[in-house]
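Asks: Here are the chains, one letter per residue:
Number of protein chains: 2
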Amino acid sequence: MNIVLISTPIGFLGSGKGGGVELTLNSLVSGLLAKGHTVDVVAPKNSKLLETSKKANIHFVEGEEQKSWQHRDYYSAVCIPDNSLLSGMIEKAIAIAKKSDIILNFSYDWLPIWMTLNINIPIAHIISMGSESSVISNLISNVYSKYPRNFAFHSKIQASDYPFIKNPIIIGNGFKLDNYIFQDCKDGPLGWVGRVAPEKGLEDAAYVANAIGEKLNVWGIVQDESYAKKIEELFSQGTIEWRGFLETEQLQKELGTCRALLNTPKWNEAYGNVVVEALACGVPVVTYKRGGPSEIIQHGKTGYLTKPDDKESLLSYLNIIDKIDRKNCRKWVEDNASSNIFTSKVVNWLNTVIKEYQFKNHI
Amino acid sequence: MNIVLISTPIGFLGSGKGGGVELTLNSLVSGLLAKGHTVDVVAPKNSKLLETSKKANIHFVEGEEQKSWQHRDYYSAVCIPDNSLLSGMIEKAIAIAKKSDIILNFSYDWLPIWMTLNINIPIAHIISMGSESSVISNLISNVYSKYPRNFAFHSKIQASDYPFIKNPIIIGNGFKLDNYIFQDCKDGPLGWVGRVAPEKGLEDAAYVANAIGEKLNVWGIVQDESYAKKIEELFSQGTIEWRGFLETEQLQKELGTCRALLNTPKWNEAYGNVVVEALACGVPVVTYKRGGPSEIIQHGKTGYLTKPDDKESLLSYLNIIDKIDRKNCRKWVEDNASSNIFTSKVVNWLNTVIKEYQFKNHI
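Chains B and S are the protein sequences, given in the same order.
Under the numbering used here, read the first sequence as residues 14 to 376, first letter to last.
Under the numbering used here, read the second sequence as residues 14 to 376, first letter to last.
Hint data in this document are derived by calculation from the structure and do not stem from the laboratory.
Check the hints yourself; a few may be wrong.
A pair counts as met if it fits within one copy or between any two copies, since identical chains are not told apart.
Calculated cross-link-like contacts (lysine-lysine; reagent style DSSO-like; alpha-carbon spacing at most 27 Å) [what the hints assert, rightly or not]:
#1 Lys58 with Lys159
#2 Lys112 with Lys368
#3 Lys324 with Lys358
#4 Lys48 with Lys67
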């Protein structure tokens, strides 16, 4: 199969601004290459693919980034800036895709989804967020009524944010397991991983660390400086140890030494990459029964699920974290979220999109 | 030729909100039908075509109207509202155009122009305004570099607002002459026609009428109520006689009795339909040396051109308006701006767009 991928227009690959999408894209590209498919990636200037996906053809586009829908009002209109990066990426993808089988879009935005209705190439969309915008949800509803197979979701709970999707295609997510080393460190420190921004709820994890008088290791880019400062001031000095945004190789080394990952999203997280990354290193996770993580963590086996936003419960489960066998964590990832498993699900899905497209258009 | 027209997304045809575009579209449709072409018009719900263009197939689309670029900041981003009328019209046009030769776009907006780059159908654009938006001008520049034949302008002076257009295609405009009756009324009242909005400069015409102690007949929709009220209060009571928005049939009857049309735009008017409508009835025009009207009026022959915004000059030329032979006015329209002449120019232009498209795509 020849596949053209459209990356996120929020930041270049490697910047960390695209969050989980960057990891998902890299994991899928390396999986597709390993299975012998041809991959073209259309991405913002300065993007870098990880080592295992470097054999893909990368096409750079320059322009003004889109504002993330996570940080806009739910009822905002679509905004396309002058010299739009997103529209440039779509133009490029369509031009290349004339010789390809399908376009696979990773951008959660209006323009690429709308194009499904208007071009002679099938476009499939990995929806990477819950419903974050009225105009996008209404557009997905409209396009879905004509192209019901062209949308895939990471988790059932994410798909349920779009109530008009009747039988959602769930692809989970995938991780290159060689990149994560199992570590059996029952006495390690506490960890937290994510973009530092309000929807990620860092304050709840810091509360727990502060309550037991430990420090919290925080990995990830500080997207919202004033939010980070506010949280730092809320707790005893030194509660938070800022460790910055690290490449996977370094991140997993440090993360693997933790005795637990605290995961505290305030929103309906589509999947929860960092939860799986922790599991892959053998780190159990204490998280809320909300969004993707609640579908990943097996309560009492690979970590614990608490009532959303209940910090005292987080704390009490953290106290019995040593009851979790760290080998279970690694095993769950091997059985459910390897790059190979994820890639197979995506390939099967894309094949149905292509076949339906050919059938409809009598090709 | 089979042509699909995309109407303006500012208001339905017949509402008057689309200004000159409504008349241009109707005139072209009737001209195309008369020459034996097939025409599909994609237009907002409630749109009505004039009698002579009723044989076209009309396709209605519902949705949220676009904000006019005339009334937005020059550096605004593109905005696409939820349930967008414009995107719905484009979808419909593309779907129909699969069996047509070309799409002809009348909408001055980002989305249809951008689509030139992305679909397998030629799209030609009649640009109906001067440069009103940075993002649209930059997009036209970008698309023009790849599709230099796909843009046409009403006047040279309008095209010069886009300095990157090297050899602009100028199509003028066209009017169904049967719809306008020549009247030789040298002693009639003063007239002004247009949307009542700041860029149309009604206050300058009212100043002239007030100075000679006459009333000014004003035809057109009041788009900006507070502006209309402000002007009314500026001058002696009864200076402005509001006559509302009339269909062509009634408008030309009343307009034809005027001894002069005062035309006072504050902006670079692309063409100046009302100037030609007045001429077609035999009414000479006093207007500014600015925008399209300055290319239409022959100074001393069909009216007078004054320095822009110079109200005293308007007044002095109005005093010698009886020196103009009203027959010259009608004749200029017959020789330069009939529906038939306009349609021929458009058909020739569209043929070059189609041929170039076929050549580039080896069809």
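Asks: Quick one: Lys48 to Lys67, C-alpha cut-off 27 Å, is that within a copy, between copies, both, or neither?
Replies: Within one copy only: 15 Å inside, 58 Å across.
Asks: With 27 Å as the alpha-carbon cut-off, assign the pair Lys58 and Lys159 to within, between, both or neither.
Replies: So Lys58 and Lys159 pass the 27 Å test across copies only (22 Å; inside, 34 Å).
Asks: Within, between, both or neither: how does the pair Lys112, Lys368 come out at a Cα-Cα threshold of 27 Å?
Replies: Answer is both; intra-copy 17 Å and inter-copy 24 Å each pass.
Asks: Indicate which option fits the pair Lys324, Lys358 if close means a Cα-Cα distance not exceeding 27 Å: within, between, both or neither.
Replies: neither (36 Å within a copy, 73 Å between copies)
In terms of the numbered hints stated before, the structure departs from hint 3 and from no other.
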